[in-house]
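Asks: Given next are the chains, with one letter for each unit.
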Amino acid sequence: MQLTEKHREYWRRNLNMTGILLAIWFVATYVVIYFARELSEITIFGFPFAFYMGAQGALIIYVLIIWFYAKRMGKLDDEYGVAEEGK
Amino acid sequence: MASAFAQQLKKYYSFYTGGFILFVLALAVAESMGMPDKWIGWTFMAATVALYAGIGIMSRTADVSEYYVAGRKVPALFNGMATGADWMSAASFIGMAGTLYAKGYDGLAFVMGWTGGYVLVALFLAPYLRKFGQFTIPDFMGARYGGNAARTIAVVGAILASFTYVTAQIYGVGIITSRFLGITFEVGVFAGLAGILVCSFLGGMRAVTWTQVAQYVILIIAYLVPVVFMSYKVTGIPVPQAVYGTVLQKVTERENAIMADPAQLTAREAYAERAKGIGEKIKALEGGDMAVYDAEKQGVVAKLDEAKAGGDADKIGKAQKAVDEFPKNSAALVDKLKKDQATAKEKSSPLTHHAEAFPGKDDKARNTARLNFLALTFCLMVGTAALPHILMRFYTTPSVKEARESVFWSLFFIFLLYFTAPAYAVFAKYEVYTSLIGTHIADLPSWVASWAKVGLVKVEDINHDGILQLAELTLNPDVIVLATPEIAGLPYVVAGLVAAGGLAAALSTADGLLLTIANALSHDVYYKMIDQNASTTRRLAVSKGLLLVVALIAAYVASLKPDTILSMVAWAFSIAGSCFFPALVLGIFWKRATKAGAVTGMIVGLGLTLYYLINVKFYGMDKWFGITDISAGIFGIPAGFLTIIVVSLLSKAPDTKTQDLVEHVRYPALKGDVSTEAA
Chain A
48 MQLTEKHREY WRRNLNMTGI LLAIWFVATY VVIYFARELS EITIFGFPFA FYMGAQGALI
108 IYVLIIWFYA KRMGKLDDEY GVAEEGK
Chain B
27 MASAFAQQLK KYYSFYTGGF ILFVLALAVA ESMGMPDKWI GWTFMAATVA LYAGIGIMSR
87 TADVSEYYVA GRKVPALFNG MATGADWMSA ASFIGMAGTL YAKGYDGLAF VMGWTGGYVL
147 VALFLAPYLR KFGQFTIPDF MGARYGGNAA RTIAVVGAIL ASFTYVTAQI YGVGIITSRF
207 LGITFEVGVF AGLAGILVCS FLGGMRAVTW TQVAQYVILI IAYLVPVVFM SYKVTGIPVP
267 QAVYGTVLQK VTERENAIMA DPAQLTAREA YAERAKGIGE KIKALEGGDM AVYDAEKQGV
327 VAKLDEAKAG GDADKIGKAQ KAVDEFPKNS AALVDKLKKD QATAKEKSSP LTHHAEAFPG
387 KDDKARNTAR LNFLALTFCL MVGTAALPHI LMRFYTTPSV KEARESVFWS LFFIFLLYFT
447 APAYAVFAKY EVYTSLIGTH IADLPSWVAS WAKVGLVKVE DINHDGILQL AELTLNPDVI
507 VLATPEIAGL PYVVAGLVAA GGLAAALSTA DGLLLTIANA LSHDVYYKMI DQNASTTRRL
567 AVSKGLLLVV ALIAAYVASL KPDTILSMVA WAFSIAGSCF FPALVLGIFW KRATKAGAVT
627 GMIVGLGLTL YYLINVKFYG MDKWFGITDI SAGIFGIPAG FLTIIVVSLL SKAPDTKTQD
687 LVEHVRYPAL KGDVSTEAA
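Going down the list, the protein sequences come from chains A and B.
So the first sequence is residues 48 to 134, counted in this note's numbering.
So the second sequence is residues 27 to 705, counted in this note's numbering.
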C-alpha cells in the first residue's frame, strides 16, 4: 500500500482540524472552569456566566464541534478521493 | 441520501412514538375514570417490558455479524439514539438532577464530563474504530499491538469497568420496580434481569440496538414531560431550559432570605449541638466505655416500645428495623455515629448559593474544590471516550462517514436530557424554598408525606417551633425526579411514565454492558485465544451461555444491596480511561507506539488508578493534592500516556504490517488496500 503526497496532505489537514477543535473544547471547558469564580460576575440569560457554560453553553459548543467535524471530514474525503464508495 | 432501510425505520419508529403517546393518553383518561394507581404502574411496566421483549424476539439472529455488530447497517441517526439510551443510565435519569440539586454548580462536573467526552470520541476514536471494523475493543488492541498480551489486559479492563456498572443498573431496576409495583426488592431485581435478557439473549447487538432506540424514545419523553409542566406552572412558559435563569435568580433571593432567618439559625445551632454530643459519645466508645453502647441500645429498644404503645404500624416497622439493624459491637456503632455526626455537621453549616462555583471557607478549600472539579471533569470525559460499551456501538454503522455523523446524533440525543437536568434541579429548589421552607409542618403538601413513607424525605423539627426550616429537611437525591410530577400537581399517570423512563434507562444501559462483558469473554477469550476453529454455532452458543451466567452473577450481587459496589460505579470512568484511552489514541495517531509500550502503559495506567482509589477509599491513604478517589484517573491517564511513549521509544519500531494497519484506519477508503472488517 503506497500513500501519495495527496494522502499525506489529507491526514495533515485532518490533524490540523482536530487540533483546532480540541483547543475550542479545552477553552470552553477547562479555562472557563478555572476562572469560574471570576467569570460569575458576568450574567447571561439571567445565569452567572460560569454556571451557564457548565449547564448549557459548553454542551452546545460540544454538539457544534462534532457536527462541524463530521461535515468537514465528509467534504475532505470527497476532495481527496478517500471517500467510501456507494455508502 | 438516506437509504430505503433508514426511511423504513423512520416510519416504524414514528408510528411507535405516536402509539406510545396515545397509550399514555389512554391511561390518563382511564385514570380520570377511576383506574387505581397500582394498576397504572403495572400497566406501564408490563406494556413497556412486553414491547422490549417483542423487539428482542423479532430481532433474534444466528448470524455472527448480526449478533456482534447488528450487521453494520444501523443508520447514523438510529445509532445515535441507541448510543444515547446505552449511555444514559439509571443514575443519569434519576440521580443526576438530584446531584445538581444538592451540589449546585459543583454538580455540573458530571454534566460537562458526560457530554464533553463525546468530542474525544468523535475526534480521536469513532471513525478510526469503524474503519478497523471488527467486533470488540480488545480486538483493536490485539490487532494493533500484536498477540494476546494487549488483548488480555483489555479484556480485564473491560470487565472491571463494566461489571460494577451493570450491577448498579440491575440495582436501579430493583429499586424502580419495587417502588412502583409494590413487590420486594429481590423479586424486582430478578424481574429486571428477565427484562434485560429478553432484549439481548436471542439477538445480541441487533436486538439490543433496536430495543435501545425504543427505550430512548420512552426515556426522553418521560424526562421532559414533568419538567415542562413544572416550568409552565412556575413561569407560564413551557420551555424549562430557556427560562430557568430567572427562576435561579429567585432561588438566590430566597437563599439570602433563608440565611438571614433567625429560625434557620436556631435550627443550625441545634444540629451543631447534636454533632458535639455525638462526638462525645464516639470519644467515650473509642475509650472503651461500654455504658454508652448499652445506653444507645436501650434508647432504640425504648423507642420500639413507645411505638408499639402508639399503635402506628409505620412507626412500629421503622422502630423494629432500627432495633434489628442496631450495630453488633462498639466499633460498628462508632462507624454509624460518625455518619450521623457528619450529617449533623453538614446541617449546621451555612447554606451555599446554588450558582456559586467552588464554595469553601477559605481560599485553600476553594482551590481544592476547583482542582477536584477540573480533575473530575477530565476523568469523566476521558472515561466516556474509553468505555467499551459505548465505543463498540460505533462498529455498527454502515460506513466511516456515518460513524462520524452518528457521534453527532449521539451527543445531540444525550444533550436533550443533560441540558434539562440542571433545570429540573433549579425548579425543584424553587418549589422547596418557596412553598416548603417557612410553612407549618402540619400544613406541608401531601407529596412530602408520601415520599417520607418510603424514607426519601425526612422532616425533623429540631428547634420545636412547628415551622420547617431548611436545615430540618433532608431530601434523598432520587426524589427530585421521582417527585416532580406530584410537586407540579400532575396526575399519577405521569409518575408511572417517569418510572417507565427510569426503567428504560436502566435496562438499556444494562443490555449494552452485559453484551460487552459477554463478548469480551466469548469473542476475545474463547474464540480468539482458546479455539480459533470454533464453528459459528458454537461461538454464538458460548456467547449466549456466558451472557446468561454474567447476568445471573450481576443480579445476585445486586440483590445483596452492596453499598461498596454502588459507590464504586463512578470508578468505571477512571478505570476505563486509564486502561484504554492512551493505548487506543496513540495506536491510531502514533505509528511508533509498540506492543511493549502499550502493554506496560496499560498496566501502569490501570495499576496506578486502582492503587490510588483502593488505598484512598479503603485504607485511608493521604490524598495526593487533595484529589478524591473518584478522580483517580487524573494520575493513571497521564501515567499511561507517558509510559507508552517512553517504552515505545526504547523498544524496536513496529513492523510494516502494523504500520500499514495504522495507515489503513486513518483513511475511510484507500485504493488497493486490504480490508480488516470482520464479517
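Just so you know, the hints here were simulated from the structure itself, not pulled from any lab data.
It should be emphasised that the depicted structure is a prediction, and the values quoted were computed from it without experimental measurement.
Hints are not guaranteed to be accurate.
Calculated pairs, DSS-like style, for lysine-lysine (alpha carbon to alpha carbon, straight line, at most 25 Å) [as the list claims (entries may be wrong)]:
hint, chain 1, residue 1, chain 2, residue 2
1, A, Lys118, B, Lys354
2, A, Lys53, B, Lys309
3, B, Lys341, B, Lys354
4, B, Lys697, A, Lys122
5, B, Lys36, A, Lys118
6, B, Lys354, B, Lys309
7, B, Lys99, A, Lys122
8, A, Lys53, B, Lys697
9, B, Lys697, A, Lys118
10, B, Lys617, A, Lys53
What the simulated footprint calls covered on chain B by chain A, stretch by stretch (three residues with Cβ under 8 Å from a Cβ of chain A suffice, anywhere in the stretch; the number is not a length) [stated by the list, open to error]:
hint, region
11, 34 to 42
12, 136 to 142
13, 265 to 275
14, 434 to 447
Okay, the calculated beta carbon distance ranges per label pair [as the list claims (entries may be wrong)]:
hint, chain 1, residue 1, chain 2, residue 2, range
15, B, Thr500, A, Arg119, 47 to 57 Å
16, B, Gly80, A, Arg119, 49 to 59 Å
17, A, Phe82, B, Lys649, 21 to 31 Å
18, A, Arg119, B, Val700, 20 to 30 Å
All residues carry an ideal CB built from backbone N, CA and C; glycine is no exception.
Asks: Hints first: check each against the structure and report whether it holds.
Replies: Now for the hints, and whether the structure bears them out:
no. : hint                               : result
1   : A:Lys118 with B:Lys354             : violated (63 Å)
2   : A:Lys53 with B:Lys309              : violated (75 Å)
3   : B:Lys341 with B:Lys354             : holds (23 Å)
4   : B:Lys697 with A:Lys122             : holds (18 Å)
5   : B:Lys36 with A:Lys118              : holds (22 Å)
6   : B:Lys354 with B:Lys309             : holds (18 Å)
7   : B:Lys99 with A:Lys122              : holds (22 Å)
8   : A:Lys53 with B:Lys697              : holds (13 Å)
9   : B:Lys697 with A:Lys118             : holds (23 Å)
10  : B:Lys617 with A:Lys53              : holds (19 Å)
11  : 34 to 42                           : violated (count 0)
12  : 136 to 142                         : holds (count 4)
13  : 265 to 275                         : holds (count 6)
14  : 434 to 447                         : holds (count 6)
15  : B:Thr500 with A:Arg119: 47 to 57 Å : holds (51 Å)
16  : B:Gly80 with A:Arg119: 49 to 59 Å  : violated (41 Å)
17  : A:Phe82 with B:Lys649: 21 to 31 Å  : holds (24 Å)
18  : A:Arg119 with B:Val700: 20 to 30 Å : holds (28 Å)
Against the hints set out earlier in the document, violations occur for numbers 1, 2, 11, 16.
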